[in-house]
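Top to bottom, those sequences are chains A and B. Counting in our numbering, the final residue of the first sequence is number 512, and the numbers go up one at a time with none missing. Counting in our numbering, the final residue of the second sequence is number 1328, and the numbers go up one at a time with none missing.
If you are wondering where the hints come from, they were derived from the structure by calculation, not from laboratory data. A couple of the hints might just be wrong.
Capping the alpha-carbon separation at 25 Å, the derived lysine to aspartate or glutamate pairs in DMTMM-like fashion look like this [claimed, not checked]:
(1) B:K1305 / A:D119
(2) A:K97 / B:E1130
(3) B:K1077 / B:E1222
(4) B:K1305 / B:E1130
(5) B:K1305 / A:E101
(6) A:K97 / B:D1042
(7) A:K97 / B:E1047
(8) B:K1004 / A:E267
(9) A:K338 / A:E382
(10) B:K1215 / B:D1097
(11) A:K76 / A:D168
(12) B:K1077 / A:E101
(13) B:K1163 / B:D1097
(14) B:K1004 / A:D211
(15) A:K97 / A:D83
(16) A:K265 / A:D229
(17) A:K97 / A:E142
Listed here are the chains, written in short residue letters.
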Amino acid sequence: MTFAHKRPLRSFRARIILNSALVLGIIAPATLYTGLATSELARSVGVLFRDNLVLEHISDALDRTETSLAGYLGTKSSDFLKDYIRYSTQLGEESRKLNREIRRNQPLLLQRELAGLVDRYLEDAEASVTAKRGRDVATYTERFEHSERTAELARLLISRIEGLSLSDSIVAFSGFNSRISAVITTNSILVIAATLLSLTLLVRFSYRITDPLSKLAAAAHAVGRGEYDHELPLSDSSDEVGATAAAFMSMQQSIRAAFDELKSKAEVEKRLMEERVIVLDMRHRLKDAELLALQSQINPHFLFNTLSAGLQLARLEKADRTGDFLENLGGFIRYALKPATRSVLVRDEIECVQRYIWLLRLRFGDRYAFDMDASEDVLGVETPALILQPLVENAVAHGLRNREEGGRVWVRARIDGNDAVLEVGDDGEGMAEADIERIKGEALRMRGADYEAEAGVPPPGDGNGAEEGGIGLINVIRRVDLATEGHGRVEMHSVVGSGMRVRVIIPAGGVA
Amino acid sequence: MFRKAALILAGLFALAFVGATLLNADLVSRSRHALTSGLLRDPSTYEAARRHLVVIVPDTDDSFFRGLIEGILESAKSAEAAIQVFRYSGANPSEADIHFETAVSARVDGIIMYSTSKASVVRRAASAAENGVVFIPVGTDPPDGAVNFVGSGSFLQGFEGGKIIGSQLGASARIGAILPTSGEGDLRNDPLLIGLSSGIGAFPGARVISVSRSKPGRLSGEEAVATVIRNNPGLNALFCSSAYDTEGAAQVIIDQNLVGRVLIIGADETSEILRFIDKGVVAASIVRDSRRIGMEAVAAFSRLKDGRPSGPAVEVGFTVIGADGASQ
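In isolation and in its complexed conformation, chain B is listed as follows (with noise of 0.2 Å):
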């Protein structure tokens, strides 16, 4: 009897004490993954580059930024560049600025950055070229002689929004402008706005009745549009520069019930953004391709590295995606 019980109690411990160690080589081994793969990492394990390239670029997870940095981080192993990434509040402008101090005075190979300020994309050029840095600014709209520059057009992107207001409102289009954070200036001059007047002149009669410019953080763009209606009784259109913006709109329509009665043009692409297109409270959203713009950027970083000589702005298209699909 006693005999029996100890066999079993020594067959139960063998099990218990079986699984207890492999569980302990579980939690154990995950530790020191943890560990090992990051603060007791040998540096010399990482992987080396040739080049140290800084990306500085407003803290926001805007789609257009995830884009932008996933182009970067694609092309940068071909460029052999390794990429640090510093992000600003963009509540806190200077933040770019210290940034951009830094890396400058470190003397890094070079420096992509997110530029809407035309006086500071010179200044910072030249900075940079002092110093020998490569500096490629990224954004919407070139300023005045800037070189290595590499975005996307806000002209472009408001012709476009124009166009496909005019061609849906035709001349009874009243349309509410959302123009995006990082503009600066007057409002009248900004590019977005004068491409999408442009947009709908071929539609005599349509007219912008409102122009507003989102404040930083995700839930500006909803205060906006919701200024924008709440002043504009008539507007039955409304054109936006960022999926945050747009995605606010939305919001704000469907909790209006204006669903149909206010056109929304869009910017970017994400999830939610295509599910309002699905649903038919987005009619269409310009989509920047910051994807491209990224790989472009880190292309033309390779090529002054290599000393070949500075290029014109690049200019990246447009995608527009409606309910029925995407087009160029």
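Next up, chain A with everything else stripped away, as it sits in the complex (with noise of 0.2 Å):
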């Protein structure tokens, strides 16, 4: 609405106000024109017709006057006499119609001679009158006689008024008819001209406002579709189809918009539904892991009672290093199948891999070297269980596995600052850097499955850090972050060819 204020004679209201006010303006002149003429022509017979009219009463009374005159002068009938009253009297009123003023006009000076005659007539045939009644015969005859010749007179002059009127009346009619035909006639082409002109503007309108409706048409066809990409023509017009145009887009984006949340929202909840999928597995899963927990508490029980039992043969039969087997296979089974979640000493962690390592020396005698080196402040400190133990399994698995020569593994704990810092070396084959990375972003991808353990299910590949590279270190990654909150962390160095060193950094002050 603002444009139509600003540019009003772009609207299209006001194209069409204007072309009919042109239309009329251009034909009203014309018939007025014509009217107005014809109007004057009309007056003028009017007027004509008026004086004729006139002089046609007068010589009509005077005719009728003349005759009850004679009528009564020839016969002293009061019907003639009655008779010429009401006509001489009518002739009179007639006669005042006519000019009586003094002008320089040869027609109203014409008038006015009637006039005079008629006054004249009327005298004498009065005067005629009184004498009849009187008994004057000499003077009744003879104005009788003066009236004769006076209204023969005056019908003369009506004639001369008349043929006079005509005459001119001719020329100025003649004149004005070939002028009011050439009136008619420019006024003809005028008007053809004008209705042609208004065809063609209105041709041109119709298609102006035509056009952009049909393409307006088709948008809304194809956003119907559901084409709300359609790309509406610009308009730049200020009219009102360029304001529907204007409108209409603003339409159009905001459908898209509605459909753009919609389809967002749409997407959410499929993922939400994915993942309602995903927590049903889980939960599947948990009730599987929790069959096989009962499972695996019942095998325990068995398996230590049994190399409890093997332990008390072996002492006695005083097999020593097979007593002495049992109790380190045992300890370590035992404390690697209580939860992997727990927080345990640093002390305990080192007698684990003490324990660990007894058993790697048994089966590899001394191929391998290891070496433990830890602090006393430090084994009073909280870690997360079995952190220690998967490290080394991992430097003898993938660091030394493969050296025909063997190698050293080393085992340091100590206090650094305000941190416990459990170190792992080995000087094996080491990891690739690229290796290393890839094992730091799957932990980091993991840890936002951490609901997996803090609703008690095994992280993937626990337990197995043998049978993938890298899984037994992911997975002490992810516990330690788990365990301090993320205020602990795992630091791999490696030289591929000159071994690799893991050290885990937990805050001194224990984990949650």
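Using the hints, put the two standalone chains together into the complex.
As structure tokens, this is what we get:
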């Protein structure tokens, strides 16, 4: 609406009004001129007829007066007298319609003369009637003759006036008619031209109105089909169609935004649904795990009892080495089968590693050298369980396994500031930097799956560190992160061919 | 393309429209003017006058009467008179009586009438006086006893013509006289002929050998002159009393190759007569001052309407126009 106020002539309403006004403005003067001219003509004819009518009435009244006067003078009949009085009165009244003023105009002077003649006639007629009543024969005869002569002159004058009037009228009307004919011809051409122009304008306006509307309708159909991105040709016109197109484009944008919003919501709902499916799946897995746990709780008791029985048997038979083996194996299994999410002291971890190393020495003999160094102050620090053992296992299984000459593995624990630093290193084959980064990335990705740990679900690959490269490391990293709530960290340093060193740094104040 | 064509069309139409509108306005304006200045004109817009004066003259465009009407109209303004002109056919002089009677019966203020007949002048004067209408006869010769007459005496005109002919032809002058249509009675008593005869009296031997009266109509003079020349082989001078007769005589003289052999003394002043004088076909023309006659007639009318006494007949002089110019 604003544009209509700024540029009112551009709106269709203004154009239609302007067009109509133009056509009317053309045709109206043409009609007006013709009408005016015709009106003048009609008025002229009216004036002509009016004057002629007066003359006709005078002539008629003169005849009737003359007849009744002659009748009265001849018969002295009261009927003739009445007629005479009536017609002479009428004649006098009609003659008063004639010009009686002296004006410098021939027809008016003729009228004045006619009026004078009528007056004279009436005087003579009246005098003759009076003389008749007085029985003055000579006088009424003389005045009657005078009146007769005057009446004759009056008739001649009437004829002359009518002839003159007719002559003047013919001259005036012939000139008038020729001009009016030219006016009518001109106006006819004008009206035809106006009609052609109007048609041209109408065609143009129709085209200008319907073309954008057709485009608008096509766009509406496209939007109806769901093509919300259908481009409407830009209209720079500030008329109603321009405004409608702008409103349509605005509506199109609103629909597109609403549609995008709906789409986004649908995606969120879909993702929620998928997540719900995952949760359900996890719950199933949890139940399976619970069942498995129940089974594994049964088997360890049987295993421990069996190992204890084996230990006692070995002691009784004096088989000390076997007894030591069963003792270390049982201790290690007991430690390892306890929940992995628990916190233990570094001392326990060191002890577990020592049992594990004892078992490895039993298996590999002196092929691998193990060196352990733990300061006293770090032994009482809390740490997630099974942190060091998987690292030692990794060092042997991946770092030293392919080295025929064997190798060395060292375990160190110490306090560094507010942190406890637990370090496992080897002089084996080491790990490529790309693999280290992959492990870090994997650990980071799995950080989002912490709910599993919170839900008591074992992390993927837990306990299977040897199955695939880095699984044990990833497990350690994730559990350190979970146990220290992000305050702890695992650092890896490796030189391919020279060995690897994994350092676990946890707050000395303990884990959560 | 369409827009440009539409603009050109609109421009052309605008021009045509403006032109047609102006043409319309002009045509309608002229048409309205033609009607409103005539039939549709309000009577009160015509100039008012104090007196109604009727002029009755023959229906001819003879320069004498043109001058007469002009003189009357010129003086009408100062006399506060509205002039109504009645013309009657020269072939039907009774029309003059009808006009006169109409004017008298209508009791107009005055009548100026071209009059030649002594009897009719007296009768009309009496009738007008009886009805309180001022009657001013105008013409050539005042009738006996006529009052308020304004004109130029035929006798003097004839006398002047005789003098000119006599001075040029002397005793050998053989003159043919064409008397005016409006004259009446015996030709020998016509004052114009008497004057002509008196004029040549100073040249013994000079004679008027033919006298005729022209008939009404523009060509009658030509016919009369042709007849005079045919019937009078010794004729060497023609005396004409009107412009028509003069022009007719000149035409006959040219046609019959008599230029230089027949002296023409004409009457009045028209462009044709002046041309003939220039070429030497007409020797001289005795011009009656009809304009002054008209003015004097209106003056006489005003004087009588104002209650002043009647005056003697007013004689207006002549002007003689020759190849060497005009002289009184």
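Looking back at the numbered hints, which does the structure fail to meet, lowest number first? 2, 3, 8, 11, 13, 17
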